[in-house]
Amino acid sequence: MSFVPDFFAQALNGLSYGVLLFLLSVGLTLIFGMLDIVNLAHGSFYMLGAYAGLALIAGTGSFWLALALAPLVVGGIGAVIERSCLRPLYRRPALDQVLLTFGFIYLFGDVVKWIFGGRIRSIPSPDLFSGSVTVLGATVPSYRLFVIAFGLGMAVVLWLLIERTRLGAIVRAGVFDAEMTAGMGINIDRVFTGVFAGGAALAGLSGVIAGPIQSAYPPMGAGILIPALIVVVVGGLGSLKGSLAGSLIIGQAETFGKAWFPGASMLIIYVVMALILLFRPRGLFGRPLR
Amino acid sequence: MIFRAAAFAALVIVLAAVPLFAGAYPVKLLEEILIWGIFAMSLDLLMGYAGMVSFGHSAFFGVGGYLAALLLKSAPGAASALLLPALGAGLCALAIGFFSIRVSGVYFIMLTLAFSQMFYAVAFQAAWLGAEDGIVGVPRPIILGADLGRPMSFHLYLVALCALAALVLWRVVRSPFGHVLRGIHENEARMQAVGYPVNRYKLLAFVIAGIIAGVAGSLYTQFVGSITPDAFFWTASGEVLLMVIIGGTGTLGGAALGAAAFILLQSLVSSYTERWMLILGLTFILFVLFAPGGIVGALRGRIGLRA
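Protein chains in written order, with the working numbering: chain A, 1 to 290; chain B, 1 to 307.
Since no wrong hints were added, every one of them can be taken at face value.
Derived CB-CB ranges, DEER-like:
hint : chain 1 : residue 1 : chain 2 : residue 2 : range
1    : A       : Ala-259   : B       : Arg-300   : 54 to 62 Å
2    : A       : Leu-65    : B       : Ser-270   : 36 to 44 Å
3    : A       : Leu-167   : B       : Lys-28    : 55 to 63 Å
4    : A       : Arg-119   : B       : Ser-267   : 20 to 28 Å
Honestly, the hints are just simulated from the structure, not real lab data.
Every residue, glycine too, gets a C-beta built ideally from N, C-alpha and C.
Just chain A, same shape as in the assembly:
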């Protein structure tokens, strides 16, 4: 394989991984910005999305139906958790909420193992994108191109939603100062639930589209949580733009790290994080640290 096609194929792999990270980290960063908690169960929502997708594909026979429904299932689970377990804790130190989300990792991990078994379950890509195409001399599975296009499309939709609508303005206000937003007559409780459920649904969506690439297995959530957290730190807490930039950087760093430094590939993303934090402690697009 010559250099250019190889490089291009890697870049596309990195891009599709980055897009998955974006869908995951955008919820993480908004939940963090608004509720002031690190949702450690966010990786579990990703895993739940993959398994919900698996079950729905088996049940309905359609990947596209699963793609539409699985995020709703995961978002619903997120809404229930926020209402029943997180809300009573808002008056307590933020740490209690972080710890609570850690408990859910075990809960969800075991429930999924119970229902689906602990083995790796592969998820077929939809018929429409089951082949591969050759771009610039590189052979790329067409499903990957779909993931990239879909993810970038979602980024545009989310940007429009958050920057251009009234709902988005409320969310941005809540991230900036939740108490003041409530003081302006906004029902902030409902916004909290909505943001948490929305973040969970996006993580679920990420899990469904990751399914055909990475398969589904119970510990997949604990593994992807760390890169997603690094994206949030690199991009800047609470920032949509930062989440997108961070995802693309970390996606490329990890993919090229695997190709060029196979012996130390897992270390690369930490080096990137350290470098960015060294020169810009608040992350690329973060607010100044208070």
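Guided by the hints, dock chain B onto chain A, whose structure is given.
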């Protein structure tokens, strides 16, 4: 005071005597509890007293464990088993702490988490550390002429070290240093204003906790005879956090009790059902929601919590 000292001495004697009347499996469980008890108590110094919730405490446990594994293979003595692992873990804590203590709260959680995962990444891929499989076949050391390969001497060694760790930590939290830590927990800005070099205190607490966690890690390697990268994985940090929460933060005895509850529950539940993780997750969620003071807090009631 005298009553407490007598109770502690009695507990140590009973723990030391367990192999005389119990079978091999209960003794094994007890030894596991002792090791995780040391680890949990070291985290409680940070969490319960200094108010620094670290999600990367497994880094020091792992460093201690790996150093012991590497060193014991060539020289099975006290230096390899205790001194150097403690020193190595302490140095790592100094480096990680130097960067992490500048931030607090959730940022501190994320930084410590990322640092410990860095160690996981290195251990998982470095060939000289056995990569994924870790280091196996680590012999137990010979210390002061005692061959710790014999089960009874190893048991006494564990009990003695656990008691020593408890005493050291107890001394630390009762010292003026410990009171300053509690002051920082309550109101960091005020302690700063009163003139305490807050960051230096926090760093020292971080290093002490790291050293003791390193010893726990080394003991774990000696106990199992091997060490794998999983010792570094962030869920290991989460597990020890769980122990401290279940037992009760801010009470060293609570942390040890939490380790005991965790390991006993694990062995009990997994003998009845495969759904151990589910039960564990539920238990933990219920504790956070309804008994944030842990077992100790629930026993004492809300009023006595700070005593």
